[in-house]
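> Construct the complete structure from the given sequences, taking the supplied hints into account.
Protein sequence lines correspond, in order, to chains A and B.
Sequence positions in the first sequence follow numbering that gives the first Met the number 0 and run 0 to 159.
Sequence positions in the second sequence follow numbering that gives the first Met the number 0 and run 0 to 786.
Hints listed in this document are in silico derivations from the structure and should not be mistaken for laboratory results.
Note that the Cβ used here is the ideal one computed from N, Cα and C, for glycine as well.
There could be a bad hint or two in this list.
Said to hold, decoys possible - Derived DEER-like restraints, expressed as beta-carbon distance ranges:
id	chain 1	residue 1	chain 2	residue 2	range
1	A	His15	B	Ser705	27 to 37 Å
2	B	Gly158	A	Leu60	43 to 53 Å
3	A	Pro18	B	Gln59	22 to 32 Å
4	B	Ala715	A	Glu116	14 to 24 Å
5	A	Thr1	B	Thr95	46 to 56 Å
6	B	Gly148	A	Thr29	57 to 67 Å
7	B	Gln59	A	Ser129	48 to 58 Å
8	A	Arg13	B	Arg773	52 to 62 Å
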Amino acid sequence: MTEIRARINGKEVRAHVEPRTLASDFLRHTVGTKGVHVGCEHGVCGACTIVLDGTTARSCLLFAVQLDGAEVMTVEGLAARDGALHPIQAAFRECHALQCGFCTPGFLMSVYAFLNEEKRAELDEAEIRSAISGNLCRCTGYKNIVQAVQRAARSLYGGA
Amino acid sequence: MAVMKLMGARVHRVEDPKFLCGRGEYLGDLTLPRMVELAFIRSQHAHARIVRFDVEKARQAPGVLGVWTGRDTREAVGLMPAPANKAPASVFKQSTWHPLAADKVRYVGEAIGVIAAESRYMAEDAVELVDVQYQPLEPVAHVDEGSNGGGPLVHEEWGDNILDHMAGTTGDVEGAFAGAAVRVRHRFITGRHQAVPLETRGVLASYESTRKQLRVWSSTQIPHVLRTQLAAMLGLPEHRITVIAPDVGGGFGLKCLIFPEEPITAWVSMRLGRPARWLEDRLESFTASYHSKEEFVDAELAVDSEGRILGARAGVVADAGAYSTYMCPSTYEPIEVAQMIPGPYDVRNYAFTMHAVATNKPPLSPYRGVGAEIAAYAIDHLIHLAAHRLGRDPVELFRKNLIRDEQFPYTSVTGMRYEPGAYVQCFERAVALARYDESRREHHALRARNIFRGMGISSYTEPTGFGSKFWHEIGVPISSYEAAHLRMDPGGHVVAAVGTHSHGQGQETTFAQVVADELGVPLEDVSVIFGDTSKTPYGWGTWGSRSMVQAGGALVVASGRLREKIIRLGAHLLEVSADDVEWQDGIVAVRGAPSRRISVREVARQAIYEGAALLPEGEEPGLEVTATYDLPGLMFPNATHVAEVEVDPDTGSVRILRYVVVKDCGRMVNPTIVEGQIHGGVAQGIGAVLFEENTYDAKAQPLAMSFMDYLMPTAADVPNMIVEHVETPAAVVPGGFKGVGEGGVVSAPAAVVNAVSDALGGVAIPRYPLTPERVRAAALQARQHNR
Chain A
0 MTEIRARING
10 KEVRAHVEPR
20 TLASDFLRHT
30 VGTKGVHVGC
40 EHGVCGACTI
50 VLDGTTARSC
60 LLFAVQLDGA
70 EVMTVEGLAA
80 RDGALHPIQA
90 AFRECHALQC
100 GFCTPGFLMS
110 VYAFLNEEKR
120 AELDEAEIRS
130 AISGNLCRCT
140 GYKNIVQAVQ
150 RAARSLYGGA
Chain B
0 MAVMKLMGAR
10 VHRVEDPKFL
20 CGRGEYLGDL
30 TLPRMVELAF
40 IRSQHAHARI
50 VRFDVEKARQ
60 APGVLGVWTG
70 RDTREAVGLM
80 PAPANKAPAS
90 VFKQSTWHPL
100 AADKVRYVGE
110 AIGVIAAESR
120 YMAEDAVELV
130 DVQYQPLEPV
140 AHVDEGSNGG
150 GPLVHEEWGD
160 NILDHMAGTT
170 GDVEGAFAGA
180 AVRVRHRFIT
190 GRHQAVPLET
200 RGVLASYEST
210 RKQLRVWSST
220 QIPHVLRTQL
230 AAMLGLPEHR
240 ITVIAPDVGG
250 GFGLKCLIFP
260 EEPITAWVSM
270 RLGRPARWLE
280 DRLESFTASY
290 HSKEEFVDAE
300 LAVDSEGRIL
310 GARAGVVADA
320 GAYSTYMCPS
330 TYEPIEVAQM
340 IPGPYDVRNY
350 AFTMHAVATN
360 KPPLSPYRGV
370 GAEIAAYAID
380 HLIHLAAHRL
390 GRDPVELFRK
400 NLIRDEQFPY
410 TSVTGMRYEP
420 GAYVQCFERA
430 VALARYDESR
440 REHHALRARN
450 IFRGMGISSY
460 TEPTGFGSKF
470 WHEIGVPISS
480 YEAAHLRMDP
490 GGHVVAAVGT
500 HSHGQGQETT
510 FAQVVADELG
520 VPLEDVSVIF
530 GDTSKTPYGW
540 GTWGSRSMVQ
550 AGGALVVASG
560 RLREKIIRLG
570 AHLLEVSADD
580 VEWQDGIVAV
590 RGAPSRRISV
600 REVARQAIYE
610 GAALLPEGEE
620 PGLEVTATYD
630 LPGLMFPNAT
640 HVAEVEVDPD
650 TGSVRILRYV
660 VVKDCGRMVN
670 PTIVEGQIHG
680 GVAQGIGAVL
690 FEENTYDAKA
700 QPLAMSFMDY
710 LMPTAADVPN
720 MIVEHVETPA
730 AVVPGGFKGV
740 GEGGVVSAPA
750 AVVNAVSDAL
760 GGVAIPRYPL
770 TPERVRAAAL
780 QARQHNR
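Here you go:
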C-alpha cells in the first residue's frame, strides 16, 4: 500500500492504495466520486475523463498513485454546493445534449477544460467538434452537445 | 384561463439534473454489504471440446471464494431460453444452450466458468490461474461454410447449420423480370456490428435465504421478462424474485435479451449467501455479448423503361452466430430484412428466401433498426443503381415508386398493413431541404476539378410497436401488451408506473407529459416509475420503438379512465349529475354555471382522504387505475433521408457534408426528444456504414477487441443534421403515437451508400462498412468503367 494525498473537488484526500489500483477505481470506490464512469478501460471512450491539474486526463489510464499531490476535479465538483447547475451543465440540459447520461460526466469535464482554456464566447462548430472528439457518445449524435458547448461559451464569456 | 398543453411541448427533461451531476445510479455504482465480485472464464476457441478444466490453483488464489465451471452449473441452472419460431413456413431449430458451456464451446468468449472473489482485481488474477485444455474442432467461420453440407456442425443434433429457413412469393415475379427494361442484381453484405452502449452490461444479485427472496439488478431493457426467465432457470417461484433495472447507460436493443451472466450471477449469490456482482468489461462486450446485422442479401430488381418497379427478389442469409437469443430470436433480423425489402414502395411482385445460418460467433441479436436498415440498403441501392442504368436521376425513380397518400391503408406485398403516413410529403420536403437538384448540378461542375461529391436518398417505413398479435402471427410465443398503473394521492399528485424502461429515451419526462395533459395537472405533479418489478405492472420492456405506442397508449387509456372518475366524483361533490359538468383541463365545472367548480386536487382530497363514506352508490373509493394497451399488430412510421458526401478516391475517405431527415412518427409528445432519438440513430447508421465491424478471421477468432479495432463515430465524423417533422397521427393508437426510437438508423447507411455511389458516377457499393480500401476499390472500378 502506498500513501497518497490529493485535492479532489477542493477537498484534501489522504488514502492508502495498492500500487496497481487504477485512478478511476480509486475515485469511484475509495473517494466515492461515482460520476467518474468507466466505459472502456483503455483510454478511448472518455467517460472517465477528469480534470487533472487543469487539463483533461483519462482516469482509467492512470494509477491512483499518479494522483499524489495533484489537484483533481470530477463532475461532482461542477455544480454549486447548493445544487445549482454550472452554466455548462445548464446548457447541456437546455440543448438536450444527454440521453442515457453515461458519457455525460466525461463530456462535461472535457468541455470544462476546453472552455477554460479558450475563454471565448464565440466558438465555431469545427473547433468544438475537434475539442470533444475524444469523448464517445452513443445516444445523441453529438449535434446537441455541440450546441450546448456554444451556448455554455456564450453564457460564460458573453459579457453583458 | 389557458392551460399550457404539454403534449407536443419542448419540455426540458426531468431526469437530466441527476445525470449532469454524476448522480445517476448505474449498475457499477451499486454496492451491497459483503458483496463479492465475479469474473468469468471464457473460451479462447471458436469451436472446441473441453478436455480438461483444472481450477485448483485458482481456488487457492488470494481472495477467491469460489470457482465453478459448466459441469457445476449444468444441472443446477436451467438452459438459456429460446423461443420457437412456430410459423408454418419455418424450420426453426432449438439449441441446447447452457449458461456456462460444459463440454463444447461454440464461440470465442463463451462463458465456461466463473470466479467469485473479494475484489474484481482478485477475481481476474484467479482467471489467469485456470488451466483449460481444449480439443479444437474445425470452426464454422462464415455462412458459406455453414450452408454447405458435410462441414463442421455448430450443433451436431441439428444435422446441418440452418437455424431457420423461410420463403415466400407474391404476384408474378417471373413475369415481372421477363418484361423488365432493366434488371439490377447484387450481393449486398453488411458488416457484423453491435450496439455498443457506453455502459457495458452488468448484474448484481442478492439472495436472502431466510426470506427466500432473490433481488437482481441488471443493466437490462426488460426487467419483467428477465424475472420470469430467472424463475425458470433458477427454479424459484417468480413472486420471490425482484428484478430492478437501475439507470442504464444505453441499450439500443442489446439489453432487451437474456444473457448467461444473469442466471449465473444470481446462482453464485444463492450459493455463497452473499451479494454477487459482475460488470462486463469492454473486451467481453466486444467478444461475449451479442452481435448484429451480418447479412448477405442477393437482391434483384426489375424496372420498366420509365423506372417503375415491376418486381423484386431477395435471398437473405444471416450469420446468426452460435445460439438463438431470447426474447427476440436471432432469426428475426433476417426475417425483417426479407419482409421489409419492398419498403415504402409500391411493389406488387416479390419473392424471398431467408436462411439464418449458425456459425461459431456470438449470437445475432436485434440492434436498433434491426433488419429494416439492411432492407433499406438493398432496395434503395438497387433503385439508385437502376436509375443510373436508365440514365435518369435517382430522385425520379424514388419519387415514382413511393406509396402515394391515396393508397393507404396499404397492404404490402409481404402482407404488412401500413397505416397512413406522409411518405410523399416527407420525401419532397427532404429533397428540397437538401437542395438536391442544385447540389447535384454543382457536383457535376466540381467533377472537372477532381472533386467527387454525390447525393444519396433513402426512404423507409419501419415496423414498430409490435403488438402481441404480430408475435403470434409469426409464431413467436411471447406477448407484448403494456400496462400502466396510475395512483393519485390525496394531494392530487400522480404516480404513473409502467413496465417499460427508459435508458436515454426520456420517459420520465414524456410519460409525465402524457399523463399531466390528460389529467389537467402540472408536469411536476406527475412522477413516472419503471424498472422495478415489485413496483410496476408486468410489462415487456423497451425495444422495437414500442414504449410510447404501447405504454404511452396504456397511459392515455388509464388517464382517461381516471379523469372520468374524477369528473363523476367532482359532479357528485358539486351535487349535480355527471352529465351537467364539463372538464376544463383539471377543473370540473357545472355547465352554464362556471363559478361552481372543483379542482382535481380538491376532488382527490375529498374522495381519498376525507370522504370515502360519502361516495356515490357503486363508486369504489380511491383514485387508482390500471389499464392495458396492445397495438393490433404493427405501426409504421416513415422518413426520407438525404446525404451529401465528398469522396476522396485516392485515400478512400468519405466526408458527409450535409444530412437531412424528414420524418413522420405520428403525434409527437416532445419534439426535442424525438429529434434527439433521430440524431442518435443517424449517428449509429453512419457508424455502421463507415466504421464499425466485428471482424473475424478464417478460424472465427475475433479481430475487433477494443475501440482501437472497432471504430466508433466521433463528433468529428457525424455531420450537423437537419431534422424536420410531418405529423400523421396513428388513428388506431390512443394518443396517435407511431414510435420513433429506431428510425434514425434505418436509412442512414443506404443514404450514405447512394451518395458515395453517386459521387463515383453510379458504381455499385456491394458492402459496408465503407472502409478506405473498399471506397478505393469502388473508385478504381468507377474509373475503369468510365475509361
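> Please flag the earlier hints that this structure goes against, numbers listed from lowest up.
Structure breaks no hint.
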